[in-house]
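Protein sequence lines, in the order shown, are assigned to chains A and B. All the letters of the first sequence, read from the start, carry residue numbers 1 to 392 under my numbering. All the letters of the second sequence, read from the start, carry residue numbers 1 to 392 under my numbering.
What the hints contain is simulated information worked out from the structure, not anything from laboratory work. Please read these numbers as outputs of a predicted model, since none were measured by experiment. One or more hints might be untrue.
20 Å max Cα-Cα, derived EDC-like pairs, lysine to aspartate or glutamate [as the list claims (entries may be wrong)]:
{"#": "1", "chain 1": "A", "residue 1": "53", "chain 2": "B", "residue 2": "50"}
{"#": "2", "chain 1": "A", "residue 1": "324", "chain 2": "B", "residue 2": "122"}
{"#": "3", "chain 1": "A", "residue 1": "324", "chain 2": "B", "residue 2": "77"}
{"#": "4", "chain 1": "A", "residue 1": "362", "chain 2": "A", "residue 2": "344"}
{"#": "5", "chain 1": "B", "residue 1": "53", "chain 2": "A", "residue 2": "50"}
{"#": "6", "chain 1": "B", "residue 1": "45", "chain 2": "A", "residue 2": "74"}
{"#": "7", "chain 1": "A", "residue 1": "53", "chain 2": "B", "residue 2": "51"}
{"#": "8", "chain 1": "A", "residue 1": "348", "chain 2": "A", "residue 2": "363"}
{"#": "9", "chain 1": "B", "residue 1": "324", "chain 2": "A", "residue 2": "77"}
{"#": "10", "chain 1": "B", "residue 1": "324", "chain 2": "A", "residue 2": "74"}
{"#": "11", "chain 1": "A", "residue 1": "362", "chain 2": "A", "residue 2": "233"}
{"#": "12", "chain 1": "A", "residue 1": "45", "chain 2": "B", "residue 2": "326"}
{"#": "13", "chain 1": "A", "residue 1": "324", "chain 2": "B", "residue 2": "254"}
{"#": "14", "chain 1": "B", "residue 1": "45", "chain 2": "A", "residue 2": "51"}
{"#": "15", "chain 1": "B", "residue 1": "53", "chain 2": "A", "residue 2": "51"}
Beta-carbon label-pair distances, calculated as ranges [said to hold, decoys possible]:
{"#": "16", "chain 1": "B", "residue 1": "363", "chain 2": "A", "residue 2": "87", "range": "32 to 42 Å"}
{"#": "17", "chain 1": "B", "residue 1": "110", "chain 2": "A", "residue 2": "222", "range": "35 to 45 Å"}
{"#": "18", "chain 1": "A", "residue 1": "173", "chain 2": "B", "residue 2": "121", "range": "55 to 65 Å"}
{"#": "19", "chain 1": "A", "residue 1": "123", "chain 2": "B", "residue 2": "360", "range": "50 to 60 Å"}
{"#": "20", "chain 1": "B", "residue 1": "121", "chain 2": "A", "residue 2": "366", "range": "57 to 67 Å"}
{"#": "21", "chain 1": "B", "residue 1": "24", "chain 2": "A", "residue 2": "366", "range": "53 to 63 Å"}
{"#": "22", "chain 1": "B", "residue 1": "125", "chain 2": "A", "residue 2": "326", "range": "17 to 27 Å"}
The beta carbon of each residue, even a glycine, is placed where N, CA and C say it ideally should be.
2 protein chains.
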Amino acid sequence: MADLNNFCLRQTCPVSGARVGELVTAHGLVPTPVFLPVGSQGTVKTLTPEEVKGIGLKMVLANTYHLYLRPGIEVVDRMGGLHKFMAWDGAILTDSGGYQVFSLAPLRRVSDEGVTFRSHIDGSEHFLTPELAIQYQEVLGADIIMVLDECSAYDDSFEKVQEAMVRTHQWAERCRKAQRRDDQTLYAIIQGGVFPQLRRQSAEYLTSLGFSGYAIGGLSVGEPKEVTLAMVEETAALLPGDKPRYLMGVGSPEDIVEGVARGIDIFDSALPTRVARNGALFTWQGRRNIRNAAFSRMEQSLVPDCDCYTCRTFSAAYLHHLFKSEELLAYRLATIHNLKFIHDLMNKIRSAILSGTFSAFKEGFRANYRPTDEQARFNQKQKWLKSRNRFK
Amino acid sequence: MADLNNFCLRQTCPVSGARVGELVTAHGLVPTPVFLPVGSQGTVKTLTPEEVKGIGLKMVLANTYHLYLRPGIEVVDRMGGLHKFMAWDGAILTDSGGYQVFSLAPLRRVSDEGVTFRSHIDGSEHFLTPELAIQYQEVLGADIIMVLDECSAYDDSFEKVQEAMVRTHQWAERCRKAQRRDDQTLYAIIQGGVFPQLRRQSAEYLTSLGFSGYAIGGLSVGEPKEVTLAMVEETAALLPGDKPRYLMGVGSPEDIVEGVARGIDIFDSALPTRVARNGALFTWQGRRNIRNAAFSRMEQSLVPDCDCYTCRTFSAAYLHHLFKSEELLAYRLATIHNLKFIHDLMNKIRSAILSGTFSAFKEGFRANYRPTDEQARFNQKQKWLKSRNRFK
Chain A
1 MADLNNFCLR
11 QTCPVSGARV
21 GELVTAHGLV
31 PTPVFLPVGS
41 QGTVKTLTPE
51 EVKGIGLKMV
61 LANTYHLYLR
71 PGIEVVDRMG
81 GLHKFMAWDG
91 AILTDSGGYQ
101 VFSLAPLRRV
111 SDEGVTFRSH
121 IDGSEHFLTP
131 ELAIQYQEVL
141 GADIIMVLDE
151 CSAYDDSFEK
161 VQEAMVRTHQ
171 WAERCRKAQR
181 RDDQTLYAII
191 QGGVFPQLRR
201 QSAEYLTSLG
211 FSGYAIGGLS
221 VGEPKEVTLA
231 MVEETAALLP
241 GDKPRYLMGV
251 GSPEDIVEGV
261 ARGIDIFDSA
271 LPTRVARNGA
281 LFTWQGRRNI
291 RNAAFSRMEQ
301 SLVPDCDCYT
311 CRTFSAAYLH
321 HLFKSEELLA
331 YRLATIHNLK
341 FIHDLMNKIR
351 SAILSGTFSA
361 FKEGFRANYR
371 PTDEQARFNQ
381 KQKWLKSRNR
391 FK
Chain B
1 MADLNNFCLR
11 QTCPVSGARV
21 GELVTAHGLV
31 PTPVFLPVGS
41 QGTVKTLTPE
51 EVKGIGLKMV
61 LANTYHLYLR
71 PGIEVVDRMG
81 GLHKFMAWDG
91 AILTDSGGYQ
101 VFSLAPLRRV
111 SDEGVTFRSH
121 IDGSEHFLTP
131 ELAIQYQEVL
141 GADIIMVLDE
151 CSAYDDSFEK
161 VQEAMVRTHQ
171 WAERCRKAQR
181 RDDQTLYAII
191 QGGVFPQLRR
201 QSAEYLTSLG
211 FSGYAIGGLS
221 VGEPKEVTLA
231 MVEETAALLP
241 GDKPRYLMGV
251 GSPEDIVEGV
261 ARGIDIFDSA
271 LPTRVARNGA
281 LFTWQGRRNI
291 RNAAFSRMEQ
301 SLVPDCDCYT
311 CRTFSAAYLH
321 HLFKSEELLA
331 YRLATIHNLK
341 FIHDLMNKIR
351 SAILSGTFSA
361 FKEGFRANYR
371 PTDEQARFNQ
381 KQKWLKSRNR
391 FK
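Okay, chain A solo, but in the shape it has when bound:
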């Protein structure tokens, strides 16, 4: 498969290694560093495609695992592919389903050939191989597609993580060979858990095969924040400078800033939209819970200088009222705000890198933004994953 010239690197911060670039896709240019909102089931939760575009977002993530189980790859095919099905003419990246099989599906069995798993929706049994993961993603038709990988858990032993990594390498090669379409770019996923030696090995092996982009997988799964960042730093340093680098599953404002500082170009996470639906809204001082009584009489918007639709239109008191009344509009207005906040953050980051002031920007951001307690965040995510990880 011809290696597409899918990434233009514009500028690199000489101090930190933070980068500004551009992804070139059949559905438009995507400036990097970029955050991809998650639309696993073919919809960024609560929003129409027009709203996603209105925020300024140019690329979204969808999920092969979810779409394969429902509505089924064949249905999306009949509807003319994923772009048409979800009425989104911007760029799309699909994850292969690897992470979801290992985090959502019960009763999975892995062999070199592939992975057998049960649907988290109805318990039905399915078999996924690297070849099928590519075939499905070619039908969905995203602009960037991902190899099938085996994800380790945070508490897995060195041997177990190593075994999963080796299998991920073999699967990456099979994915490359299975690729038929030449208008999609395929990214490899570097594994190796929290073991620097394995991360190095994985980066070296996969870059030697030559992919169009490189993702760092298997992080942000419960390990302490310093470990995540150390692994990112370790791995990113081994990746070719002219290819995009994608840190999977990371998306809090504070983590994005740190990731960019370590040379990451692409982020995705359900966090900004998930916490929005819980009433946690981003401000430049940290997250605020709009359900708090302090907002019940606040005539101003939550973030007065924010020009998202929500802050331009409604008082914090109204948003508070919608959340207390459990009105569906609440979840949507909060989602719009949080995605616009992240989008504004990415714009500020890009400007800072281009003007050579990224380090100062990062210090300023850290001085003001009080991150959410890590343990609280982890507990919340586990609770959320658990609530989903059952037959319906």
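Fit chain B to the known structure of chain A by using the hints.
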């Protein structure tokens, strides 16, 4: 209080008595017959004000009972009134809270002075009088406000219904006297249950007092459809021709057509938005459940000639997928479709009356539209009311 010239009657169908007119409000002209979408808590469920306006709707209904309990009348006052609070610059009608006290609140006690009730949210005790109902509605600042009435149940005895009616009359007079603002129009509510004699008495008494408009209350609460229509016919015939007539709580397509044929100008109901969230979408042949497997591969929109945002943008298969996946966007897209359908129906009705073809329109509509089974509909509504009528 000066009687505002708030209604211009444009044309009356000589055969049926169906009317075309215009409500004149401080927030714009509202062509009648008109359907008001329900936004009890200061939001038409799932929609932004822009979307409501985009559908073409010019007036919405909000509820004193709900807004009094949460966020509280005083909060809306601090935020500059209801229009500003919910960012809606079109017209608003507020119901007084009478119907909600008698349908939602547990443990109510009625006296001539007023009604004591417990909140359906937290069980707290409250006291509402005609004077307070007006005072609260003047603070909320709707364009049309309603008197406080006592609603009977469908199975109440003649004596009980009569007693409630007499009290409603006394309360209507007190509401008139309590009115201070001269930029809001006050409508009386005719009661009398399913007893023609009482309906006549109520219409005669209240019209003799001279209100700016007349609502028919206490119908669509479980009685058979023929009884509803007989009561509407009976009552409307006794109302002055130059004042608007409002049939409260009625809003299925088939009932609207019948109501218009009996001289009704204004309708409101949560039905179109409530059933939308259940996946029941209006077509010109009747309601369709989008969850039905028949729609899982339908490339066209549900109603191909519909130009609502939902039908213009998405296939029936996508909407089906969103409902099966319990995605929040589903409820919103269905709400947009159903409200646009009702809005289109009102436009067709007005055109037909103006061109002298309303009877033919009505017959054509009835020949195509298969109404939902009445008992099924009633059961569904009771189930819904029951699910709400508890402490949270």
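Which numbered hints turn out to be false for this structure?
-> 6, 13, 17 and 20
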